[in-house]
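Build the complex from these two chains, which are given one at a time in their own frames, with help from the hints.
Going line by line, the protein sequences match chains A and B. The numbers in the working numbering rise by one with no breaks, and the one at position 294 of the first sequence is 294. One rule links them: number in the working numbering = place in the second sequence (from 1) + 1000.
Keep in mind the hints are simulated off the structure, nothing from the lab. Careful, some of the hints might be misleading.
[To be verified] Ranges between beta-carbon positions, derived for each pair:
no., chain 1, residue 1, chain 2, residue 2, range
1, A, Arg77, B, Glu1166, 24 to 32 Å
2, B, Thr1028, A, Leu118, 24 to 32 Å
3, B, Arg1082, A, Pro8, 22 to 30 Å
4, B, Gly1194, A, Leu118, 54 to 62 Å
5, A, Thr257, B, Thr1028, 36 to 44 Å
6, A, Thr69, B, Thr1028, 42 to 50 Å
7, B, Thr1095, A, Lys112, 44 to 52 Å
[As the list claims (entries may be wrong)] Taking lysine to aspartate or glutamate pairs in the EDC-like style, the calculated list, with each CA pair at most 20 Å apart, reads:
no., chain 1, residue 1, chain 2, residue 2
8, A, Lys40, A, Glu30
9, A, Lys40, A, Asp68
10, A, Lys40, A, Asp72
11, A, Lys46, A, Glu31
12, A, Lys112, A, Glu26
13, B, Lys1213, A, Asp245
14, B, Lys1092, B, Asp1183
15, A, Lys46, A, Glu30
16, B, Lys1213, A, Asp248
17, B, Lys1208, B, Glu1152
18, A, Lys7, B, Glu1209
19, A, Lys46, B, Glu1212
20, B, Lys1208, A, Asp57
21, A, Lys7, A, Glu30
22, B, Lys1213, B, Glu1149
23, A, Lys46, A, Asp11
24, A, Lys46, B, Glu1209
25, A, Lys46, A, Asp72
26, A, Lys111, A, Asp248
27, A, Lys112, A, Glu16
28, B, Lys1213, A, Glu31
29, B, Lys1208, A, Asp50
30, B, Lys1208, A, Glu16
31, A, Lys7, B, Glu1212
32, B, Lys1092, B, Glu1166
33, B, Lys1208, A, Asp248
34, B, Lys1092, B, Glu1052
35, B, Lys1213, A, Asp57
36, A, Lys46, A, Glu36
37, B, Lys1092, B, Glu1167
38, B, Lys1208, A, Asp51
39, B, Lys1213, B, Asp1145
40, A, Lys112, A, Asp11
Cβ coordinates follow ideal geometry from the N, Cα and C atoms, glycine included.
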Amino acid sequence: MKRQNAKPCSDAGYWEPRLYAYAENEAPPEERAATEAHLKQCAYCKAQLDDILFMIDALRTEPPAMPDTLHDDIMRRVRATEDIPAADKNSPAPGETPLITMVRRQKATEKKQARIRLIGGLAAACVIAVGIWQLLPMLSGIAAAGSGEASKVLTDMQTQEAGDGSFIGGVFVGNTPPPTEGHKSPETTPETTEEEANDSILGSIFSIFSQKSEHATTAESVTEAENAPAVIVSAAASAEARIRDVLDTLSDDGILTYTETDGTYLVRCDGGADVLLPELTEKGIAMTISDGTGEDRIIEIRIR
Amino acid sequence: MRMRKPDNEADAAPHPGTRDVSGSEEETDEALAALAGRGDTHAFEGLLTRYERYIYKCAYSVASNREDAADLAQEIFLNLWRALPSYRGDAKFFTYLAGIARNASADYIRRQKKTPATCPLSPTPDDDAPAVSEPAAPPEDASPDYKAEQNERQTVLYRAIARLSEEHRTVLILCDMEGYSYDQIASVLGLDRGTVKSRLHRARANLKEILEKFGFFP
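Extracted from the complex, chain B is given alone in its bound form (with noise of 0.2 Å):
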């Protein structure tokens, strides 16, 4: 099992500020977010860059699988370039970026007509076990079993991370799958170290429930 490293060990982590096609390291989100609603695309690819997988990965826990996955990502990534001039910077980035990805979500799950059970913004926690959906790719050199294995260990597991709180669901992404530290987290959202570390506390407690529930651990 891997443990987790403490903060200034983390690992190389895409981090606002940090990473940066534009070439603009030092650019805030919110300076990059007003450059990008005058059309600068150059901007815009940074803050691809910064949160496309995060993205990417809140899309696959809405869609479950990957070729749906993209095609919110990319929905949501235009929805936000669209948006964007209307960015008065009153607000984080990250949050503004949220309400978009969440707004395209309820879209998706409309569209789809899906139970609000899989939607993100209204989990229903007495949904019976996850649906069975294409998993998404494991390594190359994995055995038969591994792979299989871990597909269905991955699906029961974004399954289980849509049915989090909005909140809960994104300091655990941040955190757990991108490897954002604490300090890193809270300054996406805004928050203080403490508030962080409490919610990714219970966001963890309530994954860890509803895991049982879905018979995750062996």
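This is chain A alone, in the form it adopts within the complex (with noise of 0.2 Å):
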């Protein structure tokens, strides 16, 4: 008799276990006197019990036949020249001692951060090349008017261009240029300075700095933000989980290193410098940099 067809048992939910056990020889005497006696009386599990024979028999006939050439293919292919497994980069070498195996793995990771640097610093060039470009026919202006707020703008970027910024890996890593002057203080004048940032890379260098004048000023309540070192992440991230994968991906390009105990971060930068306590800010993350100087300064990790 088809389950659909029967009554449905009310105790449907105990039998099932003991259904299977049976099925598969397992259940203890007097549990399978017990299930013997109950499937006289419940057309519902008999039933049940048929679709587990049924379906145990059916995965244990005739399963799909194995191909007989697949070992051999397998095998063949395994001792063919380019499928001998590679020497793995972080794999031990046959007859390697832990020491060498360390060694060598740091050199790998040097060589790949100088690759970093290099290809950080070719970017760089290209888009202060490109700024220069964009900054052509202001410079004609500038020339033309002999005043104005274009050359406030070129002060400022010549200035910040003194900062010793830079570009590493799509990372911006610098110090806060001094405040000067002739600098326009975004939350002065934030309108002006988006509007002279319009569409070109040069607006987007400047708006960087704009951004990071902006958060240093916040951050003097903490601590002094003149030449505060300062990164910039060209990666989404709002959360504080975030703060991990930001950290690893500035440790990865070199640019610092990092512990982690019980949530609290020890950050290490070229110069030896700790880094205490990141917090997660709303436009990224500020750390203090404690050089043992007794001068504390700002790290800004910035996550547009």
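Structural data, given as structure tokens:
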């Protein structure tokens, strides 16, 4: 009898595992006897048992025949030269001591970082070149007018370029330039800055610097803002969980190293300064640097 | 109907440590994997012999035809061979192999542009009845009717298996198709016997539900 045609068993939940055990010949004698007694009077469970046995039988009979050549085909390819496992860069070579492995890995990491710096340098050069090219019409305007806002913008740009900033692998790293009299703070004239930054690479650079100045101003309540190294990451982030991702990115790029204990990050930059307690801010991560001189600085990691 | 034999009478099943073409019958999977990771093809062949049928069945549940299943199984083992140098032995070898099989299956599905419903990693229970695919080979001396029925049943069965979660599919194939005992499965997967039993029960119950939707039962 099909189960659909049988009156549902009121104890189906109780009997179901026992039916599997019965089908598998695993039920103890008393349970087996009880199950058989129940099956005599319950058509629903009898139909269930039939389905279980049918399914188990199907699983065990005539599996899809594995091609006879599969084993040999695989081994042939494995033995072929091209499929011999390539020496994994992170795996110890036969006979290699752990120390040698560690040194080899370290050197590989250094090489990788050097490549990243080289690529970053080239990218920075391209960005600056494009920026200057974009600036040429403005320079003409300055020469013609000899005054005005454009002059201030140029002054700001020149000042900021002197602030040791550079792009490394898509990440800007640099010191916040000391405020100059000619510099227009975005808090005071943000619209002017935005307009002048319109749709150009130069504009993007300027915008980044403006944001940084804004943040440095905010952070002054914590510590000194002047000459604070800043890192701007061109990656989306909005949650605290991203702190580690950002730090990993910077660490991979060789900008810093860090360790984490119970949610507290100890970050080490070039030069050995310790960076304590990264905080998630509205626009990124801010960290306080203690370089041991008693003069704390700020490091900013801005996430756009 | 065949009833399952008690554990100690289980069919002679391929079992880690008991069947090994490399001759190192006492070697664990992990030890063989370590050797294979250093380029020992003999050790690799030992692993291949232990798990080729299991992997082929998994591949068949994904590909639904013998040729693609064989290709996929081959890809899985070649990926394993390439990956073994980085195997550290901190996880059970079977878990490691399952991960490689999972990734290769996902790649295969992407390549075939199949719906996620056939992906063992993301089954879609609401999917309709299984598609017709190339059947597996029935016994040569079987009647045409029997062959046709058997092929159809097998196709539906493998489609249903593909819809199980990975952990359910694994224990189901190892136990009900490969004939591993509970203890053997517990050893391979690094689980205790009770977990294997309960997981297998849930796997069968889920499979039965899926098969009912497919109209598998007479």
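Can you name, in rising order, the numbers of the hints this structure does not satisfy? Hints 2, 3, 6, 7, 9, 10, 12, 13, 16, 21, 25, 27, 28, 33, 39 and 40 contradicted; others consistent.
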